[in-house]
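Colleague: Single-letter residue listing:
2 protein chains.
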Amino acid sequence: MLRWGHRPSRDARLTTHVALAARALGAKGLILSDIEDRKIKETIDEVTQNWGGTFFFEMGIPWKKAVNNWKTKNGVVVHLTAYGENIETSDVLNRVRALEKNVLVIVGSQKVPREFFSEDVSDFNVAIGNQPHSECASVAVFLDRFFHGKELARSFQNGKMSIIPQRRGKKIHDNEKR
Amino acid sequence: MLRWGHRPSRDARLTTHVALAARALGAKGLILSDIEDRKIKETIDEVTQNWGGTFFFEMGIPWKKAVNNWKTKNGVVVHLTAYGENIETSDVLNRVRALEKNVLVIVGSQKVPREFFSEDVSDFNVAIGNQPHSECASVAVFLDRFFHGKELARSFQNGKMSIIPQRRGKKIHDNEKR
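If you read the sequences in order, they're chains D and H.
Quick note on numbering: the first sequence equals residues 1 to 178 in the working numbering.
Quick note on numbering: the second sequence equals residues 1001 to 1178 in the working numbering.
Only chain D is shown next, with the shape it has when bound in the complex (with noise of 0.2 Å):
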């Protein structure tokens, strides 16, 4: 996942949920591109060793050569912005998948640079429906779709705590105890 146009003051929260969903809906990790911000990656590192899983967060890498190195890689670029293919009307997503490389999903905050719709920049541009919507949402669903549903079945290895799903109240398991 890269998120591009974080602003610190405005976007910690949100960039925070979108990296959370990210990591709970099974993507390898963010790229925070061109800017730092120490807070949130506390913040999910924190969550990544209560919780488990080995998701990373890096940050400060400028959008471009993020996207440069994972095109020389062989990687495919996904772009989630409104105005793109729908990936329930349209067959972008098998198209996507067809490819059977790695992806790299792009997804912005406040209004992205023209490029990002360009094939310099993103082999698809998919939308998460028509309408004005929360990129922490589209996230959310682009990745549940993409996984089949099966990411939320995983395990997540070697945290301190588990939830043990319930149908009334909360149980959590400390993993460190015998």
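Please keep in mind that the hints were generated in silico from the structure rather than gathered at the bench.
Where is the CB? At the ideal position from N, CA and C, for every residue including glycine.
It is possible that some hints are incorrect.
[Said to hold, decoys possible] Covered, in the sense of this in silico footprint (three residues per stretch, anywhere, with C-beta under 8 Å from a C-beta of chain H), are these stretches of chain D:
1) 23-32
2) 146-160
[What the hints assert, rightly or not] The list that follows gives simulated cross-link-like pairs (lysine-lysine, DSS-like), each with its CA atoms no further than 27 Å apart:
3) H/Lys1039 with H/Lys1160
4) H/Lys1111 with D/Lys170
5) H/Lys1111 with D/Lys41
6) H/Lys1170 with D/Lys65
7) H/Lys1171 with D/Lys111
8) H/Lys1039 with D/Lys171
9) D/Lys64 with H/Lys1171
10) D/Lys150 with D/Lys111
11) H/Lys1170 with D/Lys111
12) D/Lys160 with H/Lys1171
13) D/Lys111 with H/Lys1041
14) D/Lys39 with H/Lys1111
15) D/Lys170 with H/Lys1071
16) H/Lys1160 with D/Lys111
[As the list claims (entries may be wrong)] Below, a sample of chain H positions facing chain D; criterion: calculated Cβ distance under 10 Å:
17) Val1047
18) Phe1056
19) Met1059
20) Ala1082
21) Tyr1083
22) Phe1117
23) Asn1125
24) Ile1128
25) Ala1137
26) Val1139
27) Ala1153
28) Lys1160
29) Ile1172
30) Asn1175
Starting from the structure of chain D, add chain H where the hints point.
Modeller: Chain H only, in chain D's frame:
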């Protein structure tokens, strides 16, 4: 959708995103319980006027009253929580659907009252995975699955504008022009 625990200073953008996600993904409306926030209502009402559909935004009603009203009208209440039954690994979504009733989805912000987990409030406690999460992402995935993805193919009537999906670039149709 019922949004509980909104704190205007801290949650303004997140609650806006929850409402945008709810609208884009097929919810009929959102109740902001226990508090009023006119700025968010204006934002959401403006989105609906511009982009169509009939999403309602109510606010200020105490959560208990909203839940009791819903139950009186024979509706079912789903509480989204990471502690609940996993939507992927359990049959909870089928059990919700089997009732064939109108669903009120409760989504918290801060730590929610214990009562939310009890039979007095929730008929189901549903987890979009049992990892720490974003309420905005949870709402999105719940609605996408609940509606079998069909909500993203709906057209929103009577908006001033519509997006025409494109492989590249942005295309907006001005519905007020002949």
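Colleague: Indicate, hint by hint, whether the structure satisfies it.
Modeller: Tested hints:
Look at the segment 23-32 of chain D against chain H: 3 of its residues bring a Cβ nearer than 8 Å to a Cβ of that chain, three or more, so the hint holds. A count of 6 residues in the segment 146-160 of chain D with a Cβ less than 8 Å from any Cβ of chain H is obtained; the coverage claim is therefore met, three being the minimum. For the hint pairing H/Lys1039 with H/Lys1160, the CA-to-CA distance comes to about 21 Å; that is within 27 Å, so the pair holds. Using a Cα cut-off of 27 Å, the hinted pair H/Lys1111 and D/Lys170 holds, with the two alpha carbons roughly 12 Å apart.
At roughly 22 Å between alpha-carbon atoms, H/Lys1111 and D/Lys41 fall within 27 Å of each other, so this suggested pair holds. Pair hint H/Lys1170 plus D/Lys65 holds up; C-alpha atoms about 24 Å apart against a cutoff of 27 Å. The suggested pairing of H/Lys1171 with D/Lys111 holds, with an alpha-carbon distance near 15 Å, which does not exceed 27 Å. Straight-line distance between C-alpha atoms of H/Lys1039 and D/Lys171 comes to about 37 Å, which puts the hinted pair past the 27 Å bound.
Taken as a hint, the D/Lys64 and H/Lys1171 pair is honoured in the structure, with Cα atoms around 25 Å apart against an allowance of 27 Å. Taken as a hint, the D/Lys150 and D/Lys111 pair is broken in the structure, with Cα atoms around 32 Å apart against an allowance of 27 Å. Distance hint between H/Lys1170 and D/Lys111 is fulfilled; the C-alpha atoms sit about 12 Å from each other, no more than 27 Å. Between D/Lys160 and H/Lys1171 the alpha-carbon distance is near 48 Å, which puts this suggested pair outside the 27 Å criterion.
A C-alpha spacing of about 22 Å is found between D/Lys111 and H/Lys1041, which places the hinted pair at or below 27 Å, so the restraint holds. Proximity of D/Lys39 to H/Lys1111 is assessed by CA-CA distance (about 21 Å); at most 27 Å being required, the pair is judged to hold. With a C-alpha separation of about 24 Å, the suggested pairing of D/Lys170 with H/Lys1071 holds against the 27 Å cut-off. About 20 Å separates the Cα atoms of H/Lys1160 and D/Lys111, which keeps this hinted pair within 27 Å; it holds.
Given hint, H/Val1047 at the interface with chain D, holds; its Cβ is 5 Å from that chain's nearest Cβ, closer than 10 Å. With its C-beta approaching chain D no nearer than about 16 Å, H/Phe1056 sits outside the 10 Å limit, and its interface hint is violated. A least Cβ separation of about 19 Å between H/Met1059 and chain D goes past the 10 Å threshold, and the interface hint is therefore violated. A least Cβ separation of about 6 Å between H/Ala1082 and chain D falls short of the 10 Å threshold, and the interface hint therefore holds.
With a least beta-carbon distance of about 4 Å to chain D, the hint placing H/Tyr1083 at the interface is held under the 10 Å criterion. Taken as an interface hint, H/Phe1117 checks out: its beta carbon lies about 5 Å from the nearest beta carbon of chain D, inside 10 Å. With 10 Å as the threshold, the beta carbon of H/Asn1125 comes within range of chain D, its nearest partner Cβ sitting at about 6 Å, so the hint holds. Evaluation of the H/Ile1128 hint against chain D yields a held restraint, the C-beta minimum of about 7 Å falling below 10 Å.
With a least beta-carbon distance of about 3 Å to chain D, the hint placing H/Ala1137 at the interface is held under the 10 Å criterion. Interface restraint check for H/Val1139: the shortest CB-CB distance to chain D comes to about 7 Å, inside 10 Å, so the restraint holds. About 5 Å separates the beta-carbon of H/Ala1153 from the nearest beta-carbon of chain D, less than 10 Å, and the hint is met. The beta carbon of H/Lys1160 is not positioned within 10 Å of any beta carbon in chain D (closest approach about 12 Å), and the interface hint is therefore violated.
With its C-beta approaching chain D no nearer than about 8 Å, H/Ile1172 sits inside the 10 Å limit, and its interface hint holds. Violation of the interface hint for H/Asn1175 is found here, the shortest Cβ-Cβ separation to chain D being roughly 13 Å, above the 10 Å cut-off.
Hints 8, 10, 12, 18, 19, 28 and 30, counting from the list given before, are not met by this structure.
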